[in-house]
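Let the sequences and hints guide you as you build the complete structure.
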Amino acid sequence: GDSVTQMEGPVTLSEEAFLTINCTYTATGYPSLFWYVQYPGEGLQLLLKATKADDKGSNKGFEATYRKETTSFHLEKGSVQVSDSAVYFCALNTGNQFYFGTGTSLTVIP
Amino acid sequence: DAGITQSPRYKITETGRQVTLMCHQTWSHSYMFWYRQDLGHGLRLIYYSAAADITDKGEVPDGYVVSRSKTENFPLTLESATRSQTSVYFCASSESNIDNSPLHFGNGTRLTVT
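Chains as they are written, first to last, in the numbering used here: chain A, 116 to 225; chain B, 35 to 148.
You may find that some hints are simply not true.
[Claimed, not checked] Just the calculated beta-carbon pair ranges, DEER-fashion:
| no. | chain 1 | residue 1 | chain 2 | residue 2 | range |
| --- | --- | --- | --- | --- | --- |
| 1 | A | 220 | B | 148 | 25 to 33 Å |
| 2 | B | 72 | A | 128 | 24 to 32 Å |
| 3 | A | 173 | B | 116 | 18 to 26 Å |
| 4 | B | 74 | A | 209 | 20 to 28 Å |
| 5 | B | 86 | A | 137 | 36 to 44 Å |
| 6 | A | 118 | B | 117 | 24 to 32 Å |
| 7 | A | 124 | B | 43 | 24 to 32 Å |
| 8 | B | 101 | A | 212 | 16 to 24 Å |
| 9 | B | 134 | A | 185 | 39 to 47 Å |
| 10 | B | 50 | A | 220 | 44 to 52 Å |
| 11 | A | 200 | B | 114 | 33 to 41 Å |
| 12 | B | 96 | A | 155 | 27 to 35 Å |
| 13 | A | 220 | B | 44 | 43 to 51 Å |
[To be verified] Chain B residues, not near chain A, derived (Cβ > 12 Å throughout):
| no. | residue |
| --- | --- |
| 14 | 52 |
| 15 | 53 |
| 16 | 75 |
| 17 | 112 |
What the hints contain is simulated information worked out from the structure, not anything from laboratory work. Think of the CB as a built atom: it goes at the ideal place given N, C-alpha and C, for glycine as much as any other residue.
If you want it as structure tokens, here you go:
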């Protein structure tokens with residue numbers, strides 16, 4: 116069945132470090148892919164999305180590229196800030212249902 | 035304000051009691067969803083609704099009941115709460131069911147069953 120696997124956390128980085136959070140997926144069709152971010156005490160917010168192969172989603176300095184050949188959608192940011200501390204969820208949508216990864220907690224220290 | 039509102043934010047109830055979690059959205063989105071979030075499980079779909087008076091089960095529906103008499107409201111009822119239903123519950127909405135339509139989440143209800 117359809118599923119998403121993302122790297123285990125927690126991840127701790129120093130401010131201005133480079134961030135990669137790995138996400139791979141399994142899907143029978145051609146899903147759209149999403150990254151959501153959850154700040155403490157809040158719901159999930161859409162961070163970025165990509166709807167077809169080779170699309171790059173970007174927002175707030177974060178980027179992810181839809182790689183069909185490796186079934187991946189890794190999240191990257193060149194220079195993280197303390198305010199980026201949150202839990203990040205990779206997700207896919209085939210049109211029938213959303214499937215979420217288990218989330219990766221990121222803490223950025225000054 | 036436009037958006038999706040859940041109430042209450044926090045709820046403590048006893049085993050066996052009935053409890054209803056409320057969800058209201060102002061976008062007139064057709065689709066609405068209830069998820070629960072638990073450590074180690076991520077988000078799991080409880081129920082969803084494609085329109086008023088149309089609901090369907092998700093991955094973990096047992097012990098829950100939903101209704102959708104109006105497009106903007108989608109309450110979730112725990113008929114007889116159990117400790118295993120202690121969780122954070124999120125309501126979400128979506129404009130359509132095409133695959134590139136994102137989910138929009140409320141801020142959640144943290145439910146504790148004692």
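Now the hints, each set against the structure:
1. 220(A) <-> 148(B): 25 to 33 Å: holds, 27 Å
2. 72(B) <-> 128(A): 24 to 32 Å: Given a distance of about 26 Å, which is inside 24 to 32 Å, the answer is holds.
3. 173(A) <-> 116(B): 18 to 26 Å: violated, 43 Å
4. 74(B) <-> 209(A): 20 to 28 Å: holds, 24 Å
5. 86(B) <-> 137(A): 36 to 44 Å: holds, 40 Å
6. 118(A) <-> 117(B): 24 to 32 Å: holds, 28 Å
7. 124(A) <-> 43(B): 24 to 32 Å: holds, 25 Å
8. 101(B) <-> 212(A): 16 to 24 Å: At 21 Å between Cβs, range holds.
9. 134(B) <-> 185(A): 39 to 47 Å: violated, 21 Å
10. 50(B) <-> 220(A): 44 to 52 Å: Violated, at about 34 Å.
11. 200(A) <-> 114(B): 33 to 41 Å: holds, 38 Å
12. 96(B) <-> 155(A): 27 to 35 Å: At 30 Å between Cβs, range holds.
13. 220(A) <-> 44(B): 43 to 51 Å: violated, 22 Å
14. 52: Non-interface label on residue 52(B) holds, nearest chain A Cβ at 25 Å vs cutoff 12 Å.
15. 53: holds, 20 Å
16. 75: At roughly 7 Å from the nearest Cβ of chain A, residue 75(B) sits no farther out than 12 Å, so the non-interface label is violated.
17. 112: holds, 20 Å
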